[in-house]
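Enquirer: Sequence:
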Amino acid sequence: MFRFPGQSVYVSIFSAIIICACVTTVPVCRASHPTAPVKQTELFPVYDLIKPNVTFWTNIFTQYTRGQALVHDMGDLSRIYEEIKLNPEKTQQATRENKKIKKAALEKYKTVLMNLSKGEAPQTTLEKKVAALFPDKTKPSAFRRAARRLRVQTGLKEHFMEGVIRSGALIDEFKTIIKSYGLPEDLAYLPCLESAYDVHTYSKYGAAGLWQFTSYTGKLFMDINYVVDQRRDPIVSTHGAAQLLKRNYEKLQNWPMAITAYNHGLYGMSRAKAKHGTYPAIHANYSSRSFKFASRNFYPEFIAARHVAKHYVQYYGDITLDKPGQITRYKVKGFLPAKDLVDKLPVDLKTLQAMNPALRKPVFDGKKYIPEGHTLYLPKHLASDLLDRTLGPLYRTAQRVTPFHRVVRGDTAGSIADAYKVPLGDLIALNGLGRKAVIHVGQILKIPFKEEPARRTADGTPQSNELSEPISAIQPSPGKPAKLPQNLEVVTSDLELKTVHDEKGNEYAVIHATYEETISDYADWLGIDAEKIRKLNKMSPTQTLSAGHEVTLPLPADGAADFEEKRFEFHQEIIENFFDAYVIAGTHTYTVASEDTTWDICRKKLDIPFWLLQKFNPDIRINVSAAKGRVLLYPLAHPRAKHPDGSNDLS
Numbered sequence: 095m096f097r098f099p100g101q102s103v104y105v106s107i108f109s110a111i112i113i114c115a116c117v118t119t120v121p122v123c124r125a126s127h128p129t130a131p132v133k134q135t136e137l138f139p140v141y142d143l144i145k146p147n148v149t150f151w152t153n154i155f156t157q158y159t160r161g162q163a164l165v166h167d168m169g170d171l172s173r174i175y176e177e178i179k180l181n182p183e184k185t186q187q188a189t190r191e192n193k194k195i196k197k198a199a200l201e202k203y204k205t206v207l208m209n210l211s212k213g214e215a216p217q218t219t220l221e222k223k224v225a226a227l228f229p230d231k232t233k234p235s236a237f238r239r240a241a242r243r244l245r246v247q248t249g250l251k252e253h254f255m256e257g258v259i260r261s262g263a264l265i266d267e268f269k270t271i272i273k274s275y276g277l278p279e280d281l282a283y284l285p286c287l288e289s290a291y292d293v294h295t296y297s298k299y300g301a302a303g304l305w306q307f308t309s310y311t312g313k314l315f316m317d318i319n320y321v322v323d324q325r326r327d328p329i330v331s332t333h334g335a336a337q338l339l340k341r342n343y344e345k346l347q348n349w350p351m352a353i354t355a356y357n358h359g360l361y362g363m364s365r366a367k368a369k370h371g372t373y374p375a376i377h378a379n380y381s382s383r384s385f386k387f388a389s390r391n392f393y394p395e396f397i398a399a400r401h402v403a404k405h406y407v408q409y410y411g412d413i414t415l416d417k418p419g420q421i422t423r424y425k426v427k428g429f430l431p432a433k434d435l436v437d438k439l440p441v442d443l444k445t446l447q448a449m450n451p452a453l454r455k456p457v458f459d460g461k462k463y464i465p466e467g468h469t470l471y472l473p474k475h476l477a478s479d480l481l482d483r484t485l486g487p488l489y490r491t492a493q494r495v496t497p498f499h500r501v502v503r504g505d506t507a508g509s510i511a512d513a514y515k516v517p518l519g520d521l522i523a524l525n526g527l528g529r530k531a532v533i534h535v536g537q538i539l540k541i542p543f544k545e546e547p548a549r550r551t552a553d554g555t556p557q558s559n560e561l562s563e564p565i566s567a568i569q570p571s572p573g574k575p576a577k578l579p580q581n582l583e584v585v586t587s588d589l590e591l592k593t594v595h596d597e598k599g600n601e602y603a604v605i606h607a608t609y610e611e612t613i614s615d616y617a618d619w620l621g622i623d624a625e626k627i628r629k630l631n632k633m634s635p636t637q638t639l640s641a642g643h644e645v646t647l648p649l650p651a652d653g654a655a656d657f658e659e660k661r662f663e664f665h666q667e668i669i670e671n672f673f674d675a676y677v678i679a680g681t682h683t684y685t686v687a688s689e690d691t692t693w694d695i696c697r698k699k700l701d702i703p704f705w706l707l708q709k710f711n712p713d714i715r716i717n718v719s720a721a722k723g724r725v726l727l728y729p730l731a732h733p734r735a736k737h738p739d740g741s742n743d744l745s
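Under our numbering, read the sequence shown as residues 95 to 745, first letter to last.
Hint data in this document are derived by calculation from the structure and do not stem from the laboratory. Be careful, since some hints might not be right.
As the list claims (entries may be wrong) - BS3-like cross-link-like pairs, simulated, lysine-lysine; straight-line CA separation at most 25 Å:
(1) K298 to K629
(2) K184 to K204
(3) K179 to K197
(4) K212 to K197
(5) K699 to K722
(6) K313 to K427
(7) K425 to K455
(8) K251 to K313
(9) K598 to K626
(10) K233 to K223
(11) K515 to K204
(12) K461 to K404
(13) K515 to K530
(14) K231 to K184
(15) K202 to K386
(16) K223 to K202
(17) K184 to K212
(18) K660 to K386
(19) K233 to K222
(20) K194 to K204
(21) K461 to K660
(22) K699 to K194
(23) K386 to K196
(24) K196 to K298
(25) K251 to K179
(26) K251 to K404
(27) K313 to K629
(28) K386 to K204
(29) K197 to K251
(30) K598 to K629
(31) K417 to K444
(32) K231 to K202
(33) K184 to K196
(34) K212 to K223
(35) K598 to K632
(36) K698 to K179
(37) K629 to K660
Claimed, not checked - Between beta-carbon pairs, the in silico distance windows are:
(38) P229 to K184: 36 to 42 Å
(39) G621 to R490: 19 to 25 Å
(40) T270 to V495: 50 to 56 Å
The C-beta atom is built at its ideal place from N, Cα and C for all residues, glycine as well.
Put together the whole structure using the sequences plus the hints.
Expert: Right under this line is the structure:
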């Protein structure tokens, strides 16, 4: 929590961000315009087919706490095998304990179901109890299939109730925004499901903010880069979500499908509709590699979340919801150092950061400026005319660049440090060069900011920069000694462009794609049409990149520096975001099985993004199925503890 100067009561981050009714919101519109409202009659039908699912999720949101969990059948949510007790504490030790408890419960019921699949009469009390959950004369093969559908769901009562409380500061404004696009206002309850109305929510796979946009989808509607991530701006991201939902509905003409597409993707749901026609048929019969339990249950979860949030007193009692706050909304007229702003105005850096979650950490570290044209949220007592007078002399004419140096023959780490007038130790630490400071021709080195030397330990030794988790903080799990990667940061030498010439003498650049990169990203960094890159590389409109894919790019007229800077910042943003939200507590090993896919390993078994797995196994490729028998080292990533204001503990 934080409070504005001069205020006597604490307000939540949402109360700070919310725009009062007298202020006009300005969306970042890149898609359709608002239209007349749609009638809400039967827009969100509760089909008989999904009623058990809706009941299940309603109970999870209202009856079961994080100290409880249900062992259930993924295919029939009315079939509950057992309620198990968990450690309710929010600690890494509790997480490890609960993982073991859940695993033991799954193994217990798998054994029972496999025994029943032998076709013999139930023998034990537990076997009889489980058999009674199935219809009479159930075939043995049905028990075998049920054994593959076992799942454990932890209770979410506290989590969901906290989200309902936070929603009070924003939901009325969200409803107004959503209605302005001609959409049903009840879509404003979707963040109860996506993020529990927590603006700081960040998933291991890169979804951010209240509406949990991925970077790829978010860039269709808002600005996402190393300086600004508008997925974390509640107001701008709500305009983006409204546009996305409107697009889904216009294509699918059905809200159950359109809402499911918010999770599964418009292309996937369009394919499902073409195959099965109606939502009930899709829910009952559709299956694909990515349409699994989460996608199938997304609409029933929304129905449950909407119902609980609208009738919260019935489930949680007379709780007090957060209230909207009063703020000043101000568009800066140039590039503005955050430190200069707080030096001249009666507002501290912590408050500025809390009120403007879309501004990323480099802005508050001084590495980047608040960008020109960005709308700041500030305490209400700071009037626009005061801001005009005070901020005018502080503006810069351009954004601060991320300095690089490409190594040429004759360079040494010492000569480069001297040339840029930065400490050699800082240069070594920032680039992970090691004690001997070995560099090679063509390598790209990051140059420390002069006024911001690299952090040092108590004995004065340069420490790996704060943009990623210090490797010293990562310890192998007991009994699992393993050699850890030397550096989890972006390896700049892997991101450089290599110049080539065609038979006519034209200059091009060749790169190898790395994790998370897309053709659209390359086009943005070059300022050209993505189709030009696809045509040059003979790629179809739907073809995607995989790690290691060689791509030829038109070489910019002003050279490669700007492209390389943007590419570096793209990857640095991914790493910063992850380690702002998660800490690595240890490592384990996993042996690749013949049936494994990259998706299964990363999402289901290890619960980490592929790029992080690759950091610990640099030679692993996206097609891990080819690595049967390979022993992978992987990190155990746990959420960081949060401060009372909802921000993560970054210590």
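Enquirer: Next, verify each hint and record whether it holds.
Expert: Comparing the hints with the structure gives:
1. Taken as a hint, the K298 and K629 pair is broken in the structure, with Cα atoms around 33 Å apart against an allowance of 25 Å.
2. Between K184 and K204 the CA atoms are separated by roughly 28 Å; this puts the pair beyond 25 Å, and the hint is violated.
3. As the CA atoms of K179 and K197 are separated by approximately 13 Å, the hinted pair is consistent with the 25 Å bound.
4. For a cut-off of 25 Å, the pair hint linking K212 to K197 stands: about 23 Å separates their Cα positions.
5. Note on K699 and K722: the hinted pairing holds, with a Cα-Cα distance of about 15 Å set against a maximum of 25 Å.
6. Note on K313 and K427: the hinted pairing holds, with a Cα-Cα distance of about 23 Å set against a maximum of 25 Å.
7. For the given pair, K425 sits about 20 Å from K455 by alpha-carbon distance, which is consistent with the 25 Å threshold.
8. This hinted pair does not check out: K251 and K313 have alpha carbons roughly 33 Å apart, beyond 25 Å.
9. For the given pair, K598 sits about 18 Å from K626 by alpha-carbon distance, which is consistent with the 25 Å threshold.
10. With a C-alpha separation of about 17 Å, the suggested pair K233 and K223 falls inside the 25 Å cut-off, and the hint holds.
11. Distance restraint check for K515 and K204: the Cα-Cα separation of roughly 65 Å exceeds the 25 Å cut-off, and the hinted pair is therefore not satisfied.
12. Distance hint between K461 and K404 is unfulfilled; the C-alpha atoms sit about 44 Å from each other, more than 25 Å.
13. Of the supplied pair hints, the one linking K515 and K530 holds, its CA atoms being roughly 20 Å apart against a limit of 25 Å.
14. Straight-line distance between C-alpha atoms of K231 and K184 comes to about 44 Å, which puts the hinted pair past the 25 Å bound.
15. Between the alpha carbons of K202 and K386 the distance comes to roughly 23 Å, so the proposed pair stays at or under 25 Å and holds.
16. Note on K223 and K202: the hinted pairing holds, with a Cα-Cα distance of about 13 Å set against a maximum of 25 Å.
17. Distance restraint check for K184 and K212: the Cα-Cα separation of roughly 41 Å exceeds the 25 Å cut-off, and the hinted pair is therefore not satisfied.
18. A threshold of 25 Å between alpha carbons decides the hint, and for K660 with K386 the separation of about 35 Å lies outside it, so the pair is violated.
19. With a C-alpha separation of about 15 Å, the suggested pairing of K233 with K222 holds against the 25 Å cut-off.
20. At roughly 15 Å between alpha-carbon atoms, K194 and K204 fall within 25 Å of each other, so this suggested pair holds.
21. Taken as a hint, the K461 and K660 pair is honoured in the structure, with Cα atoms around 14 Å apart against an allowance of 25 Å.
22. Proximity of K699 to K194 is assessed by CA-CA distance (about 14 Å); at most 25 Å being required, the pair is judged to hold.
23. For the suggested pair K386 and K196, the alpha carbons sit about 20 Å apart, so the restraint of at most 25 Å is met.
24. A threshold of 25 Å between alpha carbons decides the hint, and for K196 with K298 the separation of about 21 Å falls inside it, so the pair holds.
25. Of the supplied pair hints, the one linking K251 and K179 holds, its CA atoms being roughly 14 Å apart against a limit of 25 Å.
26. A distance of roughly 15 Å separates the Cα atoms of K251 and K404; the hinted pair therefore holds under the 25 Å criterion.
27. Restraint check for K313 and K629: satisfied, since their Cα atoms lie roughly 23 Å apart, inside the 25 Å limit.
28. Between the alpha carbons of K386 and K204 the distance comes to roughly 20 Å, so the proposed pair stays at or under 25 Å and holds.
29. Among the hinted pairs, K197 with K251 is consistent with the structure: their alpha-carbon atoms are about 22 Å apart, no more than 25 Å.
30. A hinted pair counts as satisfied when its Cα atoms are at most 25 Å apart, and K598 with K629 qualifies at roughly 18 Å.
31. For a cut-off of 25 Å, the pair hint linking K417 to K444 stands: about 21 Å separates their Cα positions.
32. Between the alpha carbons of K231 and K202 the distance comes to roughly 23 Å, so the proposed pair stays at or under 25 Å and holds.
33. Distance hint between K184 and K196 is fulfilled; the C-alpha atoms sit about 16 Å from each other, no more than 25 Å.
34. Distance restraint check for K212 and K223: the Cα-Cα separation of roughly 17 Å lies within the 25 Å cut-off, and the hinted pair is therefore satisfied.
35. Straight-line distance between C-alpha atoms of K598 and K632 comes to about 19 Å, which keeps the hinted pair within the 25 Å bound.
36. Distance hint between K698 and K179 is fulfilled; the C-alpha atoms sit about 23 Å from each other, no more than 25 Å.
37. Restraint check for K629 and K660: the C-alpha separation of about 23 Å stays at or below 25 Å, so the hint holds.
38. Against the hinted window of 36 to 42 Å, the Cβ-Cβ separation of P229 and K184 comes to about 41 Å, which satisfies the hint.
39. Between G621 and R490, the C-beta spacing of about 22 Å keeps the proposed range 19 to 25 Å intact.
40. The hinted range of 50 to 56 Å is not satisfied by T270 and V495, whose Cβ atoms lie roughly 40 Å apart.
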